[in-house]
Every structure is written in structure tokens, then in C-alpha cells.
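Asks: Listed here are the chains, written in short residue letters.
There are 2 protein chains.
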Amino acid sequence: MAAFELTKEYLLAIEEAIENRNTEYLTAELEEHFPADIAAILYEVNGEQAHYLLQLLDTEKGAEVLSNIEKEDLKKFIKEQFTVEEISTYVNLFDSDDAVDLLNQLPIEFREKIIASLEDREQARFIIDLMHYPEDVAGGLMQKELVKVKMGQTVSECVEEIRDQAENVDKVYAVYVVDDHQILKGIVSLKQLVLARRNTRVENIFEEDIVYVDTTKSGDEVAQIMQKYDLEAIPVVNALGRLLGVIMIDDVIDFITEKAEDDIQKMAGITDDVEEDDSVWKLAKSRIPWLVIGVFGSLMAASVIHQFENILARISALAMFIPIMGSTGGNVGIQTSSLIVQSLSEKTPLEMSLGQRLVKVVQVALINGIIVGIVAGVYVYIIGEPDLFWVVFLSLISVVILASFMGTITPLVLEKFGVNPAIASGPFITTANDLIGIGTYFLIASSLLNLQ
Amino acid sequence: MAAFELTKEYLLAIEEAIENRNTEYLTAELEEHFPADIAAILYEVNGEQAHYLLQLLDTEKGAEVLSNIEKEDLKKFIKEQFTVEEISTYVNLFDSDDAVDLLNQLPIEFREKIIASLEDREQARFIIDLMHYPEDVAGGLMQKELVKVKMGQTVSECVEEIRDQAENVDKVYAVYVVDDHQILKGIVSLKQLVLARRNTRVENIFEEDIVYVDTTKSGDEVAQIMQKYDLEAIPVVNALGRLLGVIMIDDVIDFITEKAEDDIQKMAGITDDVEEDDSVWKLAKSRIPWLVIGVFGSLMAASVIHQFENILARISALAMFIPIMGSTGGNVGIQTSSLIVQSLSEKTPLEMSLGQRLVKVVQVALINGIIVGIVAGVYVYIIGEPDLFWVVFLSLISVVILASFMGTITPLVLEKFGVNPAIASGPFITTANDLIGIGTYFLIASSLLNLQ
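The listed protein sequences derive, respectively, from chains A and B.
Residue 451 is where the first sequence ends in numbering that gives the first Met the number 0, and the numbering goes up by one at each step.
Residue 451 is where the second sequence ends in numbering that gives the first Met the number 0, and the numbering goes up by one at each step.
Okay, chain A solo, but in the shape it has when bound (with noise of 0.2 Å):
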């Protein structure tokens, strides 16, 4: 089938149902569906309906379908509508990794009733194991189900494996290999289960060479090598090398679009991570923190303004180009500092020298400085004020160069201090680079006029 596409028809249709306790008719319809496209559904219902839709489903397809929530989303809804025995039901079917997520959004006296409650006491232990890790590590990423074997072990007994693990284990694209010591020795592939013959001993298929990681590294780093090796799944192990769990590539996905979302939210300025359909005070509240330090800054340039304020009574026509200043420093400010976290966030091996960074900074920047001086020179003979064109023209490359040289800076600093650089390519380059434009200007009008 297609994708499904949620209609308002159709959701008015099921919201009727509902009113109508029409179960045959709601249970039907949500046979149809899977288990992401019901929760697409229960997003948009209120949590009292959703509740009564998530218990006509079986518990293992209604866990399935909470797993498709946000976990953020799915601690209100749960705090409201459900019992702690019909939590831990559900959560006794999640992955280990899903079920430590939404575990780390409850309050603790709720989450240590659910582990206490929990049917499956192996859930219970990984809940416990994986709950040490933050959430932004290969450890906070992982998953405890996986298939393991040993040497000596043959495909037969590899396929039984799989079969115990079953209802554990939702996707599986390999069986771990490992020794004695829980040590991991390499993979064998479910391609090459398949081909091989049912006697064949798992040291004569498995494959040695893999890449795996440790519990520590970060998700970003963690994404970049399944995406560079193009890894359906990356095993986990701790320093001395034992098998502790397997990061899937759909976690990972989750993780890559999130990040880039939040890089783009940070780089509007905006502190929180927020959505379109959050409060009006939630909303309100993301913003203020960047407005006001911009606000700040525009008064830092209102200060340097009122230095300058009899330059500017004597020749008013100064005032015109303050635009000008501020926003070309800004834009090119952001351009540059771009680039940087771009080039950062790729951790190309070999990156370029600080040295070599501003040399071609500053190349990029004369020639665009000069292009944009000259467009604002010839305003300036059009408007009938040729006096100001060495001003304007100046002002301008040295507000290219100077917001080139910030836009470069910032990030690798930010980098360095351990802070998310994209938060520099953002509001804080913008006002910094107003303050500067405009000082610049000031200062070269002031210097040049006064000679005349």
C-alpha cells in the first residue's frame, strides 16, 4: 500500500466513532493501518480519545504505536490517561532503548514502579543498565536486544538463536559473535545465514573486520560513521571490548534530523527547542533571549551614534547609510560563519590551519567588498553627495573584511569552549556585527571628514 495521508474527513469520521463507542467500525479501520499511522492519529485526537483507540489495539501492536510517539508528547499523555500497571504492559514490549527514553521523562517514583512492576525481568535489567548513559551517547542510543553466538556454533544454532530472540528482537540484520568473555570477534551477516550451509560453523562465514563503538562516543559521531560505512546497525562495546548493545540506523536517522533542525532553530535564535503548535507563552518565551541581547546590541550601536552626534548634525546625510553598515556586516557575518560550522560539523580529517582559514577569508572578502562598494559608491554620486563616496566605499570593505574575520572567529572559538558553533552563525553575529559595521563607519567618517 501507499503511504497514508490522515485526512479531516477522515479523522472527523473516527472522533464520530469514538463519540459512538462504534467499536467494530474503529477496530476494523485500525487493522488497516500501521502502527506509525495510528499514532499519526492519536496526535490529533485528545488524550481521553486516544486512550480508548489505544485499548482496542492488541498490547503488542498498541506498544508498537506508542513507540511512533515522541516521548516528550507521550509523558503528558501518559501522566494523564494511565494507570502504572498499563504503562508497564506496554513498556515491558518496547525496545530497550524506547523504554529507557520515556522512562527518563517520568517523575522517579512513577519510573521505579514501572521497572518494579515489569513482567519481563531481562527488560527490567537492560532498562537498568542503559538508564547510566546520557542520552546523546552511543550507550544512550543502543538497544540491549540483539542475537549473539559463539564460536563453535553452527547456522542451525545461530537460526534457533534468532528464533529465542524473536519476539525480543523487531529488526535483525546480523548475529553478533562473541566469545567467552562476551568479547565481540566480528558479525555474520543474515545474507550469509541464508546462503551457508546448515552444519557450517559460524568461524568459517563470520566476518572479522567491522567497525563498532564505544559506549562514550558522541551521537554525532556515532551517525557519521554509520552514514560513511552505510551501516544498517552498529554494535556497542565497552573499553574492554565486550558486546553491550546495538545502535539501529532508524534511531540514528531520528537523531540526524533533530540535530539539524535544532542547528537551524539556533541559528534563527531561538533557545528552546520549539514547535509551531507550542503556547503562545512557550513560544514567546524561545524568542526573548536573542531579541533581547539584540536589543542590547542595537543600543551599544545607539551609544556609538550618540558619540558621533555632532559629526552627524553637521552632515545629516551621514545617517543614511547606518542601514547599510549593520546589515551588510551581518550578512556577511552569517555567510562566513556558516561555512565554518559546516566545515566543523563535517570533521573532515585533515582541516585547514587557522592561518590558512584567514588568508582565504579575507580574499573572499575584498573581492565582495569591493563589488558592494562600488554599488553603494555610485548611490552616492546618484543621490548628489559625492563628498561621502571615499567614506561609504571604505566603510564598506572594512566592514566585509572586519565581519569576515568575526564569522571565522566565533565558531572555532565557540568550538573550542565546547559549545554548539551553529549557535554563532545565529543573532550573536548579527548584533556583533551591527555594533562593529556602525562603528567602523563612525570612525572612518569622523577621520576622513574632519581632514577635509
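There's no promise every hint is true.
Because identical chains cannot be distinguished in the list, a pair is counted as satisfied if it fits within a single copy or across any two copies.
[Claimed, not checked] Okay, derived cross-link-like pairs now, DSS-like style, lysine-lysine, Cα gap no bigger than 30 Å in a straight line:
| hint | residue 1 | residue 2 |
| --- | --- | --- |
| 1 | K170 | K227 |
| 2 | K60 | K258 |
| 3 | K78 | K258 |
| 4 | K227 | K78 |
Honestly, the hints are just simulated from the structure, not real lab data.
Got chain A; can you put chain B on it based on the hints?
Replies: Using the frame of chain A, we list chain B on its own:
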């Protein structure tokens, strides 16, 4: 092994070994590395050296290495270093989608010679089939290599199909079930194949409810669907439901990350797809269009200020608040538009109507406008220009509201006309809002101050 990291020292050793034609050392080293790592080395040495290294590998590994290199970079490398015969031996072994991506980069004469000289005639047919499709739709992302079985076949026969295809198909996650007319009927996952008895028939274990896409589906939508349903591969069919190919998750991830990078560059006002290590000219050129548009915008702002020169000559303190109007407008505009762009790209099933959006936007803007207005208002008193309080306060609130409107409407309009709305979060919004901000300010200033 943990992921390989290329160091300067190692690279020097490799380069020296190439100079000395130390094939023994080099062959041993290359043996140790994954194709993706060898590709990273080729990126750092010059074309001649890369060609030499490649010749030390067997053709199969060589082809894998080349398919890890960006097609645009590969184009230059191939044109400079390779004969048509050499390329064909590699292209022969590429996945069909990679082969087409590469050939599309080459001049037509070259392309035709390569296709004509391909040893594997099936590959040639695959390539010709795929060349019809634009790069960024499902047809352009799919590969033709896949394992097909028919109803009535047994698990043993499926395994034989996989064995037959094993040399062509690198990754197999499932076999696709088709009828006599090649219409896609379902899939059998490798896990099911492993667990099933050898004489079981396909119709008893195949999964009927699967998600597929049409060749014309956009790459974005394919990515969203694969992400939503956690798929590692998705079949592609034509309008009649005939199975034509399959899209692998690794190709889609590349698509997602490229798109995120592209959006960020659009937001930053960079027109071409550039990287920090591109040439100075290319970098300068990619920035000029938006810089010049920004300059024109600022010059229009200059003309606005020109119109109000007499009020400015009378009250020169007014110039101090030019920057705050421009930059607050710009910041608010970008904050607003980036959220709209984000919510557009998520295509949540039921979007808010324009009216709902605007009501919300105005509420948020009012809160933020009042806060920003008060901060600036306090400053006005501090510097001893209390006459300007209402001008600055009311202008800022108006600017925040107008900029929020602009930030909401621009991406929606662009989306309607099929333009990537990310462009609207960039310099366009800043430039437009600079202008609107300054215009509003002087209008309010002249009407309020002339009344006094």
C-alpha cells in the same frame, strides 16, 4: 575495529610510499582499510597518486572505493586520469543508481562510450532504464538490483535466487514477491527466510501489507516515509504497480543530510552549494547575489531616511534608533519564518489555517514587542531623551508585529509557488524587515513629533 581516522603523519607515509613505488607496503595498508576509508585517503592525495593507489586494489574493492566518493569530485578525477575502458570496468560493478549518478556527470560522448563498452549487459540495461528519472525523485534514487521471487516458489528457491543475485546485490534485507506481470505483491524478510522451513512456500510466509512508493515521489517524501515507517529499504513501483527497483536507506540518509546542509546555506544567504575548501572565486561568487540584494535593500532604506532628512536635522537623536528598528525586525522575521519553514517541511497531517497562524503570531509578537519596547524605552530615559519614549516604544511594537507577519507569510507564499521556503529565512527577510522597520519608525516619528 573502531572507525579509522586519517592523520597527517599517516598521509605523509602513504605519499612517500607512492613516490617510492613501495607497492608492498601500500597493498598491505590498503588491505587493512574499508572502502570508505580508502576513499578518504584518495580525497587527500593528488589525482595521479589516487589513480596509482586505485590500481593496487582489485577491481571490486576499487569500485566500492569509487562509489564512496562524491560524484561531482569523481567526475574531475575520472576525466583527468581514466581511460574509457578503465571506467567501464568499475561502472560495471557499481550499484545501478551510483552508476547513473556518475554517468550523469560525464559528457554525453563519454557516457555513451562507457555504456557501450560495459561487459555486464544487464547493468547497461539497468543504467539506460534509470537515466530517464530526475535525480531527486524515487526513480532517480532507486537501484535496479534486487531479489524477486514469485508466489508458489519455496524458501529453498528464494535462497537460490539470493545466491544467484549475490554478486550483483550488495545488501539484501528482503526478497520481493511479484506476480506473473511483475506486480508487487509483498515481501519476505530475510529474518522470515532464515526462520522458515526450506520447503515452505512464499505465499505462506510473505507479508502483504507493505509500504511502497511511485517513481515520481519526491526524494523528500521518500525520506519522510522511510523515516516514519522505520524502513531500511523501500520498493519502487510504476503507475501499474510493477516493481521497478528499490531505494536503500543509506542513499536516503545522504539525501537528508545534503538537504539540511542546503537549507542552512539558503538561510545563510549562500546561493551555490559550496564548501570551505572551494576556490576563492567560487566562494565569493556564491555570496555576491544576496549581498548585492541586501545592499539594494539598505539603499532603499537610505532613500527612506533621505525623505525624512528634515526631521532628522531637527532631532538628530532620532538617528540613534535606526539600528534597533532594522535589526529587531530582522531577528523577529527570521525567528518566525524558521518555525514556519520547519513546520512546512514536517508536513504534519493537519496544518493550521493561515488565520489561526496569524492570530497566534500576533499574540507572540505582542508579548515580545512589549518587552523589547520597555527595554528600549528605559534606555531612552537614561540617555535623557524622554520625548522619544512613545516614538521608540510604539515603533518597536509595530516593527515586531509587522516582521512577524512578513516572517509568516513569505515562506507560505514561496511554498505555494514551489520555491524552497528555506530561502525566506535568510537574507530576504532581514533585508525586507530592515526596510519595513526603518520606514515604520520614521512614519511614527514624524506623525508623533509633528503633533507636539
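Asks: For each hint, tell me whether it holds in the structure or not.
Replies: Against the structure, the hints come out as follows:
no. : hint        : result
1   : K170 / K227 : both (21 Å within a copy, 15 Å between copies)
2   : K60 / K258  : within (29 Å within a copy, 33 Å between copies)
3   : K78 / K258  : within (27 Å within a copy, 37 Å between copies)
4   : K227 / K78  : between (40 Å within a copy, 25 Å between copies)
Consistency with the previously given hints is maintained throughout, with no hint failing.
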